[in-house]
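Asker: FYI, this note's numbering numbers position 6 of the sequence shown as 6, with every residue one higher than the one before it.
Just so you know, these hints were derived from the structure itself, not from any lab.
Incorrect hints may appear among the rest.
[Unchecked claim] Cβ pair distances, simulated, as ranges:
{"hint": "1", "residue 1": "Glu86", "residue 2": "Ala26", "range": "32 to 42 Å"}
{"hint": "2", "residue 1": "Ala21", "residue 2": "Ala41", "range": "13 to 23 Å"}
{"hint": "3", "residue 1": "Ala34", "residue 2": "Ala13", "range": "31 to 41 Å"}
Bear in mind that the values here come from a model prediction, so they are computed numbers and not experimental data.
All residues carry an ideal CB built from backbone N, CA and C; glycine is no exception.
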Amino acid sequence: MMLSGGMVDAAEAERIGLVSATVADAELLPRALAMAREIAANDAFAVWMTKRSAGRREASGLHTAIELENRTQILARTTATGRRRESADRTAQAIARHRQ
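Start from the sequences and build out the full structure, keeping to the hints where you can.
Answerer: Here it is as structure tokens:
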């Protein structure tokens, strides 16, 4: 798509994984705010590291991206105290659920 300039509609974008979800116009703002609250509930350091590494993933291979994410999660956990520790625990639980 990037090289051909091909266009896809919302349903096709969701089907091929280009977007995580599609919503009706009336649901857009409530859904975006809910997602923003979910992100804001996470530790600021973990969100920053994830955002920082996301841009680098585009220029790297899958193996490198996985290594970078692993390092980020380890760093977030080993430096975790208080709220950061809770965030790291939620991340570990989410990863465990995903692997099942």
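Asker: Within 13 to 23 Å: is that where the Cβ-Cβ distance between Ala21 and Ala41 falls?
Answerer: Distance hint for Ala21, Ala41 holds at roughly 19 Å.
Asker: Is the hinted range of 32 to 42 Å satisfied by the C-beta distance from Glu86 to Ala26?
Answerer: holds (34 Å)
Asker: If you check the beta carbons of Ala34 and Ala13, does the distance land in 31 to 41 Å?
Answerer: violated (20 Å)
Hint 3 from the list above is the single one not met by this structure.
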